[in-house]
Amino acid sequence: MERSGATRSSAGRHVSVLDPRGYPPKVVGKPLAPRLEHLEGKNVYLVDCLFDNSDAFVDQLQDWFREHLPAVKTPVIRPKQSWVDDPDMRAAIARDGDAAVLAVGL
Amino acid sequence: MALEEQGVPTIAVHTDVFARLARSVARVNGMPTTRQAFVPQPVVGRSPAQLREYIEGADPVNGRPFMQEVLEGLTRPLDAEDLNGVSFERSTPRLLEPDSEQNLHRLFVESSWTDFLPIVLPTEERVERMLTGTSRSPDEVVGRLRPTAYREFWEFTVEKVAVNAVMAGARPEYLPVILAALASGITARSSSTTSFAPLGIVNGPIRNEIGMSSGIGAMGPYNHANATIGRAFGLASQNLQGGSVPGETYMGSQGNGLSYSAVFAENEEQSPWEPLHVQHGRSPDESTITVFFGGWYQIFGNGPRDTWEERFRHSLQACDPFMGPIVAIDPLVAQGFVERGFAEKQRLIERLAELSTLRADVYWDNIWMQTLIRPFALAGVEPFATQLAAAPDDLVQAFEPKEISVVVVGGATQPTWKLLGGPFSAKTPSSGARMMSVDEWR
Chain A
216 MERSGATRSS AGRHVSVLDP RGYPPKVVGK PLAPRLEHLE GKNVYLVDCL FDNSDAFVDQ
276 LQDWFREHLP AVKTPVIRPK QSWVDDPDMR AAIARDGDAA VLAVGL
Chain B
-19 MALEEQGVPT IAVHTDVFAR LARSVARVNG MPTTRQAFVP QPVVGRSPAQ LREYIEGADP
41 VNGRPFMQEV LEGLTRPLDA EDLNGVSFER STPRLLEPDS EQNLHRLFVE SSWTDFLPIV
101 LPTEERVERM LTGTSRSPDE VVGRLRPTAY REFWEFTVEK VAVNAVMAGA RPEYLPVILA
161 ALASGITARS SSTTSFAPLG IVNGPIRNEI GMSSGIGAMG PYNHANATIG RAFGLASQNL
221 QGGSVPGETY MGSQGNGLSY SAVFAENEEQ SPWEPLHVQH GRSPDESTIT VFFGGWYQIF
281 GNGPRDTWEE RFRHSLQACD PFMGPIVAID PLVAQGFVER GFAEKQRLIE RLAELSTLRA
341 DVYWDNIWMQ TLIRPFALAG VEPFATQLAA APDDLVQAFE PKEISVVVVG GATQPTWKLL
401 GGPFSAKTPS SGARMMSVDE WR
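Line order of the protein sequences matches chains A and B.
Every position in the first sequence, counted from 1, becomes a number in my numbering once 215 is added.
For the second sequence, position 178 (counting from the first letter as 1) is numbered 158 according to my numbering, and the numbering increases by one without interruption.
With the rest of the complex left out, here is chain A:
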């Protein structure tokens, strides 16, 4: 009985079974980047994630900034592929940018 994992208790025949799930990685906490005190004069990259029609969304977002916060610079940048990490693009943002808005994926 032990081998089959079956035992008896006051509640009746109990069965022992294996967990069907895989092994998840350990989650390690990471801090957010320090926030800006203000956006005035800052370079806020608008990242077009290349999803269907995201370019139109980003265009509208850029127009909104130009109309409402003209002192904020909002260059548009695109990764090489959709849904694939682009270290070169990230490096460019980190080097030249103060903040980023990713728009719009899923």
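There's no promise every hint is true.
To be verified - Derived pair list, reagent style SDA-like, types lysine to any residue, alpha-carbon separation capped at 20 Å:
no., chain 1, residue 1, chain 2, residue 2
1, A, Lys241, B, Arg3
2, A, Lys245, B, Ser67
3, A, Lys241, B, Asn64
Because the hints were derived from the structure by calculation, they are not lab data.
The hints should help you fit chain B onto chain A, whose structure is shown.
Relative to chain A, chain B alone:
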């Protein structure tokens, strides 16, 4: 989140139906307070004016002005949770707490570990018996799976696969096929909004050794091996990758009936051509399973009759141009093609590719062509760059021969064929099929 790690304050914009998923992904990446803002679904197909309304409107998830969320996301001072993130272990035990069979069945259903059809409880004895189907060690790592590219990989062992094979009702002799399918790294429970249902096509001696069907009803629920191998591939995928739960780890908009089971054998004995695995360089006496990432469209026909080219032209035009088809044909269809001059399978594949022409504007007016392929075209990658430069009325060839597979399956009761989504070589490298050795997992 990678940008945050590089010191760039970032906010990500998502559509509201993905709110639960986006938060879940942030949490398992250790940044649960990642700044996120939401707009209504969909963005696809909305006009600039409608998108502007999204931007000037309220975030549909929390009701606050969308742009206020964006601006504050970049400027609001960090608190302790922002600075620390969250760390935790998520161990999964080997054994669950003993309980009655009734309670365990309920636990498996309530934990979303089943496909909502009855399962066989994976007792130690049953799992041990299942493991007699392979010479591999129970604790050997088989691979890693994840529901989609932006989630974390989960790892799994031979024993974990055996557990899910028991649940699916499979027999020990099927285990090498199931292990090979899962070692492909292609999940049968993709979270893609397209509702993929990957298909497995088995070739070589293993088909007959374990009694798989390649004849009448091979693609339906009429054979124990076909049915339970396919089901095991699905159950194992969802459990080994950390779930396939609608709204969180599954976002397929409509779902797909093929997700229950979609594994069958090629009818090599009644095919006039070399089987799929030999076509791709394997020995006839090698056993393989080829896992195709696809299965979301099916088109039916029969023949080949006198107008077969026109019929196939229409059918190929109806396929999603992003991914080519598996052309699954009955032995009678294969014989018909031989009689029409296609003594070689490759010649038929090349002719089908030539027939897959459609107008350039139709070819590009597609969510995945726009999202995934257009960036390649803009970067000058051929043939996409030329296709993008084509005039709207110009005809472009949707599929290259390498995107089309022809396999023979069926019982010769009618000359029928199906086109099913699933290219061997895809337009994007990550979407192609993988041919796996079954023998390595015996």
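Verification of the hints:
1. A:Lys241 with B:Arg3: holds (17 Å)
2. A:Lys245 with B:Ser67: holds (8 Å)
3. A:Lys241 with B:Asn64: holds (16 Å)
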